[in-house]
Structure formats: structure tokens, C-alpha cells
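Its first residue numbered 347, the sequence shown is counted upward by one per residue in our numbering.
By construction, these hints were calculated from the structure, which means they are not laboratory data.
Warning: the hint list may mix true and false statements.
Derived pair list, reagent style BS3-like, types lysine-lysine, alpha-carbon separation capped at 25 Å [to be verified]:
hint	residue 1	residue 2
1	Lys613	Lys479
2	Lys384	Lys509
3	Lys647	Lys947
Computed from a predicted structure; not experimentally measured.
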Amino acid sequence: MALLSRIRGPRDLDRLSPEQLDQLAAEIRSFLVDAVSKTGGHLGPNLGVVELTIALHRVFESPKDKVLWDTGHQSYVHKLLTGRQDFSKLKMKGGLSGYPAQAESDHDVIENSHASTVLGWADGLAKANEVLKKDDHVVAVIGDGALTGGMAWEALNNIAAAKDRPLVIVVNDNERSYAPTIGGLANHLATLRTTDGYERFLARGKDLLERTPVLGKPLYETLHGAKKGLKDFIAPQGMFEDLGLKYVGPIDGHDIEALESALQRAKRFGGPVIVHCLTEKGRGYQPALADEADRFHAVGKIHPDTGLPIASSGADWTSVFGEEMVELGHEREDIVAITAAMLQPVGLDKFAKAFPDRVYDVGIAEQHAAVSAAGLATGGLHPVFAVYATFLNRAFDQVLMDVALHKCGVTFVLDRAGVTGTDGASHNGMWDMSILQVVPGLRIAAPRDADQVRAQLREAVEVKDAPTVVRYSKGAVGPAVKAVGRVGGMDVLREPAEGTKNPDVLLVSVGALAPMCLEIADLLDKQGISTTVVDPRWVKPVDAALPVLAARHRVVVTVEDNSRVGGVGSAVAQALRDAGVDLPLRDFGIPPLFLDHASRKEVMAEIGLTAPDIARQVTGLVSKIDGRFEEPTDSVGAAEPAEAARD
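Start from the sequences and build out the full structure, keeping to the hints where you can.
The structure is reproduced here in C-alpha cells:
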């Protein structure tokens, strides 16, 4: 790593020769494979943008010039070239984020890591430069996968409206998002990739015609005058130029000299320019290139030589859902599946293999997915749209006004709900149960284990006149949590000791937090506090039996892996008020904060969402009601929670 270790900032690249730049690219790839194999992270996308990132930082002067990364998972090379070469704690607490992060560097501008937004940011920054009369350049790097998102085209429509407002759009075209890019735009870009460029054709024609006596020059001028039609025929980039965007490319995204030349031309143009770069996801690492599924888009800890995972974590929530979907597909011909460019990550790959004509990949277009699902349901099918919980935020209006208003039987399956941890603030699925509470008729299931994923998915797809939601966590799914009884539609997971007339606490456990809630009950029992633990299963609407059961207790406690603002705890409190049940209620959940990246366990500890923290507060509440103000004993846990609950 002789060259890489000498790079402390982008301007250190200026003194390197072409040969040294090639050596640096090789060193960066070796570094990435070695570092990411130890921590996990986004490997394939970063291996594909090494030369492109080097060229960007040689041509533009970050941070004065704003280099923006759509989604941001491909920013590892950018980090290396801007002085951040300690990857030992990548995505871990206290280490580098897996995405651009403003707190890390002035070179990082946006960090939300949701796709298709970068062109809107670029449009706004370019307009700000114009108003403030700055000569800064704005460069937006967007993948061909992200161009399938509607927001990208809304931004392009606005960017093209100002012919003299400088803005460089770099299309990083590797034919993939997670999986191969699909749709009409993908087909168009494929056409651009496979044609000889118009400029090369015209240059050869000019040389030939200029050597032709008498007729050569007039013919060339006629040919040049027909440039638009001929260009569309030979290299059909007309879609971009019809919008008013200058098109440069396609460029070999692994040829630093060619990239620099194209970017320099775009920089000088003085208006909006698209630079179309062809890159190879996973370049330089054979295990990634051999991975047809997603070219090692994101990996856990792996053996660097083989690319094989170091350890298996066993069955996870996603695979349980995926297997049950296949079973449902065999049983019901009306079941169809939708994914937003994430077929494998959300567990629909097996369903797609079994029923290829019944799965729809709409690209990175969650809003379209929801509306299309409404159409599928109206047409007589039952669509299941599987999506990360954090990404359903983008389709809220469509869930409300297209699916729910029209009483469409659509099932939304939310993967990676709750605290996900290592991907940082934008990837925690902590808003869905709050946002969706306001949707009339919508029903939300929060399975506590694999058995309940299967059961509640089946219950959800039976609903034909309203949207249903099934949400579950990220990672390995634990052992089944057996019910000891049933009250209304709720499972009773623990009852007070036999003979207890007036139990102290009704503990309402939401989803995957059931094991922790049982641990809380054990800790309370040691303090002489009797507890009933129930799992509502369906948390919206609140089960009618819950207020009746609550009235037999002295305190109600809710525990959820979702924002405390407007979440299940708030809904339960409202249900109690509506039923005239006037009891103290304490709701535990995620505070309204953007949470830094760390492991799930570390994040949960930081926000006080642990069994000892919760038991300690509940013990204090019960003691207060009893008129006893002594501190709870250490057996409950002495850690001070971080805003996890309120009276």
C-alpha cells in the first residue's frame, strides 16, 4: 500500500503519474477486499468505482466542489481518498459509517442513503450557487439502478430547465442495483453500451469525406446538419438530449485518462451534462464477479481468498418469510409478489424461481410499487409487496390514498423493522408503526418468532378489503416463544403466580421483543411485582380485549421496537382512555432521535431499551404508586436509561 498510505487528501492525487494511478487503483482494491472481509460492508459497489472516484477527485476540488453520492454505499473509495483509511471499525460504534457522514468529513455532503435523491440535492445546490454567484461545481454520482426511481426523473426535468446552470451528472452504469437493473431505462442504457459512439463515427466520416473531391465537403456539412437523427440511429442518447441535457459517453469507467477527459469537458461546459460511465460491479475480485445474485453488493465477514462467509447465523426472519411465500404460492394462484429492486435481500428469490410469471421487480420505485399493487388487487389478485421498513416511508401517500382509500387487499411485508444498527440512522426501521397508525382500515401484525411470521402472513393474505402489514426484524430469528393462553386475539406469554388476585403490571410485548419482555417479567417477579405478559400479535387496531384485561391490573407497560412518538404505546394509551380505563401507563420504545451506527445490542443499550433498564423504571413506578420511594435493588439493573420511556 505504498501509494495509498501517502494519500491524505484529494490533492495528493495531482502529482501521480498515469502508471502510479493504475497502481493506486490496484492498491485500493486490495485494501477494500482485506478490510471489508473483516468487518462486512458494501464490497462489490466500491470495487466498481475505484477509477471513477480517483478521476472525480483529480478533476474536481472537493470540498469546495460538491461531490454527491446517491445512496452512498459506494463511497468507501471516496473515504480513502479524503483521509479516512482506518476501516478497522467500519459500521461499528466509534468507527466509520458505511455511508457518507457529515460528522466524519467536510467532503461528505449528504448521508441519508435512500436511493434516487441525489439529483434533487444537486439541483438545489446548483441553484444556490447561481443565486449566491459562486463558481463551485456540483457533481452528482448516480447509478443506473437509482435512475429507475421517479424522484430522479422529477429532478432531471427541473435540471434540464436551466440550460446555463452548471451541473455534472455522472451515471455509474454497472447494469445493477442489488441485482441486474430492469425496465425500459435499463434497456435504453444497454443500447447505449453496445453501440459505437456517434462522435467516433462522425470523425471517421469527416476524414473520408474531406479527402473526397468536390462533393466531400457539402456531403459532410449535410451529414453534420443531420446530426440529431443520425445520432439517435447510431447511439440513441436522444432521450437525454431531448430533455436538454448534454450527453457525454459512454466512457470506460475503468480508464482513468478517458474519465478525466470526459469530466474535464463536462466541467467546462457551463450547463447540465450527463457523463455516462460503464463500470463493473465487483471488479478485480473473482468471488464477487462470480456471484450472479448481487456481485457481493453487501457482505458479512468473509474469507478474503474465497469470499465464503466465516460463520453462518442460522435461519433468519427473511428466509422464513421467503419459504412461506413459496408455500402460499403453491396453494393460491392469486398470490403475486412485488419487489423494489431487492428480490434477494427481501427473500423473494425462491418465489421468483418457483413462479417467475408472478413476481414483479419495479426498480427503485416504492411509490409505483404501492400503486401498482392497488391495481393488481383491484384486478383480482393479492399482491405481497416486500420492502425494507425504512423504505416504505417513501410510499406513505400511496398506501393511504391508493391502497387504503380504495380498500385494496394488499399485504406489505416490512423487513428489517426496528433497530437495525450498523447501517446507521437512515436504515433503522423505526417509523413504520407510527406512520401507519393514521391509515384508516390498515392492520399491522408484529410477529414475535418464526412460527408467528408464518401464521400472521397467512392471516394477512386472507384480508381482501384492506391493506395489511407484517413487520419483522433483521438477522437471526430466535427460538419460538410459546403462548400459555389467549385473551381475545392476543397471546398470553406469561401469567402471574396462581392465586394472584390483582396483578401489578400488564406488560404489552410487541413483536421480536417478546424474549426481552419475559426477562423483564422475571426481574419484576424478584422484586415482588406480579406481571402478565401479552403479545397483541396484531397491534393495529388495538384488540378490544386489551382495555378489559388492563383494568384488572394496576399499571400498563408497552415495549416496542419503534418510535415512541405515535407508536403502539400511544395507540394503547388512547384505547384505554376511550374505554374509560384510567391507569398509569409507561411506554418504552425508540426516542425521536437519529441513531448513530453501532450494533443492535449497543444501540438498544444506549436508548435504554434493555430488560434491566425497563424493569428498573417499572419497579420505581410501582413503588411510587404504593407510596414507597426506595431505589430498586441492583438485581433489577442500575443503568440509567436514555429517554426510553415516559409516564
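Results of checking the hints against the structure:
Under the criterion of a C-alpha separation no larger than 25 Å, the hint pairing lysine 613 with lysine 479 is consistent with the structure, at around 17 Å. Distance restraint check for lysine 384 and lysine 509: the Cα-Cα separation of roughly 47 Å exceeds the 25 Å cut-off, and the hinted pair is therefore not satisfied. Simply put, lysine 647 and lysine 947 have alpha-carbon atoms about 18 Å apart, close enough for the 25 Å limit, and the pair holds.
Of the numbered hints stated above, the single one contradicted by the structure is hint 2.
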